[in-house]
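Taken in order, these protein sequences are the chains called A and B.
The first sequence: position 285 = 285 (UniProt numbering), numbered continuously.
The second sequence: position 15 = 15 (UniProt numbering), numbered continuously.
Derived by calculation from the structure, the hints in this document are not laboratory data.
Computed from a prediction, not measured in an experiment: that's the story for all the values here.
Don't take every hint at face value.
Stated by the list, open to error - Incomplete in silico selection of chain A near chain B, CB under 10 Å:
#1 R680
#2 A751
#3 S786
#4 L796
#5 A799
A virtual CB, placed ideally from N, CA and C, is assigned to each residue, including glycine.
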Amino acid sequence: MFSASTEAAEVILKSGWFLENAFIIPIIPAVAFFLIIFFGKKMPMKGSEFGIVSMFAALVMSIGAAYQWIQRVNGVSEETYVKPIIRSWTWWQNDGVSLGIGQHIDGLSITILVVVAFISSLVQIYSTEYLHGDRRYTHFFASLTLFSAGMLNMVVAENMIQLILGWELMGLCSFMLIGHWWEEGANSRAALKAFFTTRTGDIGLLVGTSVLFFAANDWTQKTLGVSGFSIRGLSAWALSGDPSSAAITVGAVALFIACIGKSGQFPLHTWLPDAMAGPTPVSSLLHSSTMVVAGVFLVARVYPVFYEGMNIYGNSVNFIVLIGGVTIVIAAALAFVQNDIKKVLAYSTVSQLGYMMMGLGAGAWLPAVFHIFTHAFFKACLFLGAGSISHSASHHSFDMKKDMGGLRKFMPITFSTWIISTLALCGVFPFSGFFSKDEIIDNVGYAGYNFFMIVGLFGAFLTAAYMTRATYLTFFGEPRGAAAGEHHDDEHDAHASHDDHGHDAHGHDAHAHDSHAAHDSHDDHGSHGPRESGLIITVPLILLATLALGSGFLNAPAFGEKWENLKKWVEPRAEVVSVTGIAKPAGAHGETRLAAGSEEPVDDGHSEAADSGSHSKAEAGKDGGHHYSDCGSKTPVGGVCYAPQLKHAPFKWWKAGMSVGIVFLGMILSWLLCVQLYTRKNKKLVGLTERNKALGAGYSFLANKYYLDTLYEKIIVRSIAHPISRGAYWFNQNVLDGIVNGAGTSTRKTAGWVYRNVDQKLVDGAVNGAGTSAENAGGALQPVQSGKVNQYGALLFGAAAIGALVLVIINF
Amino acid sequence: MLLNQFLMLGAVLFCIGVYGVIVRKNAVLVLMSIELILNSVNINLLAFSLRNGTPDGHTFALYVIAVAAAEVGVGLAMVLLMYRNRRSVGLDDLSEMKG
Chain A
1 MFSASTEAAE VILKSGWFLE NAFIIPIIPA VAFFLIIFFG KKMPMKGSEF
51 GIVSMFAALV MSIGAAYQWI QRVNGVSEET YVKPIIRSWT WWQNDGVSLG
101 IGQHIDGLSI TILVVVAFIS SLVQIYSTEY LHGDRRYTHF FASLTLFSAG
151 MLNMVVAENM IQLILGWELM GLCSFMLIGH WWEEGANSRA ALKAFFTTRT
201 GDIGLLVGTS VLFFAANDWT QKTLGVSGFS IRGLSAWALS GDPSSAAITV
251 GAVALFIACI GKSGQFPLHT WLPDAMAGPT PVSSLLHSST MVVAGVFLVA
301 RVYPVFYEGM NIYGNSVNFI VLIGGVTIVI AAALAFVQND IKKVLAYSTV
351 SQLGYMMMGL GAGAWLPAVF HIFTHAFFKA CLFLGAGSIS HSASHHSFDM
401 KKDMGGLRKF MPITFSTWII STLALCGVFP FSGFFSKDEI IDNVGYAGYN
451 FFMIVGLFGA FLTAAYMTRA TYLTFFGEPR GAAAGEHHDD EHDAHASHDD
501 HGHDAHGHDA HAHDSHAAHD SHDDHGSHGP RESGLIITVP LILLATLALG
551 SGFLNAPAFG EKWENLKKWV EPRAEVVSVT GIAKPAGAHG ETRLAAGSEE
601 PVDDGHSEAA DSGSHSKAEA GKDGGHHYSD CGSKTPVGGV CYAPQLKHAP
651 FKWWKAGMSV GIVFLGMILS WLLCVQLYTR KNKKLVGLTE RNKALGAGYS
701 FLANKYYLDT LYEKIIVRSI AHPISRGAYW FNQNVLDGIV NGAGTSTRKT
751 AGWVYRNVDQ KLVDGAVNGA GTSAENAGGA LQPVQSGKVN QYGALLFGAA
801 AIGALVLVII NF
Chain B
1 MLLNQFLMLG AVLFCIGVYG VIVRKNAVLV LMSIELILNS VNINLLAFSL
51 RNGTPDGHTF ALYVIAVAAA EVGVGLAMVL LMYRNRRSVG LDDLSEMKG
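When you get a sec, could you build the whole thing from the sequences and use the hints?
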């Protein structure tokens, strides 16, 4: 196979309209955003139609691009590097540095494009019902659409600056949407916290981008003719052997700090659970499935930089694996002490993001990207399910202990979609989470991180346990509080007692602004008790649950090579490409291929026929050090690589069986504990944390979220911000006010002087004189002298325009 | 070509300024519009100066800025005066010069 592709020196890659014009995808929602802002309130659906239509258009274009990309990949052999479709236009230029804006479309960006467009569409449809009658309905849709524009722009970004643009747009929209019900103090505090915490990380993004630009620009300009911001350039540069280890390490660490902030990794994860103060569709779209994976996406996007900078596949534990592993366990443990169903899901999201990061850190690029893909579906489904419960069953409360329980009888659709997504999240066999999460754990172990493989398995155990607890509290047992049909009036007391649940504002808002129709529909159901949500809410749930069930089969090595479609379509191939070959595909291309081929194992041609080609390749990699393709720090002269050679763990049924067993163990233990604690009220277990000092200390350590918030707010912020704000206040009072007052007084004095001397004597004299002479000049010009200054101005400019016209005509 | 973009910017600013001078009824806003016009002229001066590679345009722009500052000083004084006399800065009230 290899020699065959060498003979066919010219590789013809298919392309298509959707691929060539993928840059339009983010423009559609951006236009829709302005339409909503300007015309939304006048439209029959208050602007939501623009959002929904734009998201569907983006979805259609994304799927079209995905189809054409698959055609493109299928058209070449499995070893060939599939060139991404890169287009770029000059955005601005200054002193020789020109910055492009454009598209970089490859398997990764198309995967995320489809996910974002799909979930955005469903969430927007869902929101038309969930936020029905909200006082800022139009603005909600505007923010949601702008968010999608920002995310899609980040995904198609051709260079780091364009990526930052999308990244910051998402941060802004996250802020606006978390604080959507800002009348409640807790909500606006949560919005500020999210914004500032991610901004802390974003400093790393700016620093990292600058460091990499200055380190890479010379090389990329000389070799590829692109700037050091370009993603293609950075990837090739990182693997070229040109970068100094200091520069690339600093750049990678700085970029990773941004990912820590954005993707809620330890220790900057504290904003994400608080972000649940936003409306549930927002939590579903931004804070579980799309925006928070931006950090993971960034690592995957410029993976070569991290690969070299963090020394992935090296001998020591690298930063990314460490942070990912710590995040998995820390967040999963916190999910046990939450009573708010959305906070359980939020910590679960943090924990799953930890898996993705750990996978990337251990070289499991594809499983991590695949986990972004599957996690988006089942976590969005879980969040929308929680929204469905609060919307229809628990009077806008999210408290599992107070207002839920026994809901499986009342909400069969929500219940079954929830169960499917929970099983997917836990990683039970045929569900999608199994195929992605298990691959991550497996590959982490395969890369030599035995300890972190155990961490991953322990995380899976915890995940199964806390999700079982949440499911039990929500859907089983006896209905409690609002779920038991307690009347509206009780709700107000409940609100007062826990005002940290910002969503309650929604309850008041929606009901205050709902027309009577909403109340009538309540009455139609006979009581205020729980009921199933309407079709607008359940249809997105069903669609997402279907994908949570089925999307795992896109990449299922369990069933053999043929099922590894995503690997074939998405993973970049580590082939050495000649630099001239980029400009024109023919010519020197074949030569470099040959050079690359000399180190390849001879039997590689049979890898298609052999039942586990990846296995034999990976073994070859083991023998020949970790760079068994030439891609890496010793890329041959005249060629570049865009992707490092990645290892893939061979699928073993006993490993999968072991992890599924651990998951079931977690479920069963948690179930038994829940039955004892919440239903039977076992005297030995209930109140154990109050009686046992060690357990009590552990509980309050968890309940206080490891005191991280205290550390940030009481110690760091107070010690840094308070002196600054005091200083600023002093400066404001003494210096600025002095200047302003002084300026005011002197202006007044000057004005007084001008008034007395200039105006009274000179100007008035002149004006009076002019007036008199004008009067004397005759009545012909009298209508012109209307006394209106504006009219005088118009005459002046009109005359100047005529003069200019005459000048042009004369000179012409 | 970059020069075109500068000139376009200047033209747009100039038009906004002229629009403001003609349409606005508030004396302060008219003064601000005049500032816009002056600055659009500055942009044109700088653009041509960059293109010709001579510092003349820059010098001129500095003069314009100085003159504009003086103009604003005088203008604001007049507005203040107007306000003191009439308790309003609306230009519609100033029709004394009607012939």
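Hints, one by one, checked against the model:
{"no.": "1", "hint": "R680", "in the structure": "violated (75 Å)"}
{"no.": "2", "hint": "A751", "in the structure": "holds (5 Å)"}
{"no.": "3", "hint": "S786", "in the structure": "holds (6 Å)"}
{"no.": "4", "hint": "L796", "in the structure": "holds (8 Å)"}
{"no.": "5", "hint": "A799", "in the structure": "violated (12 Å)"}
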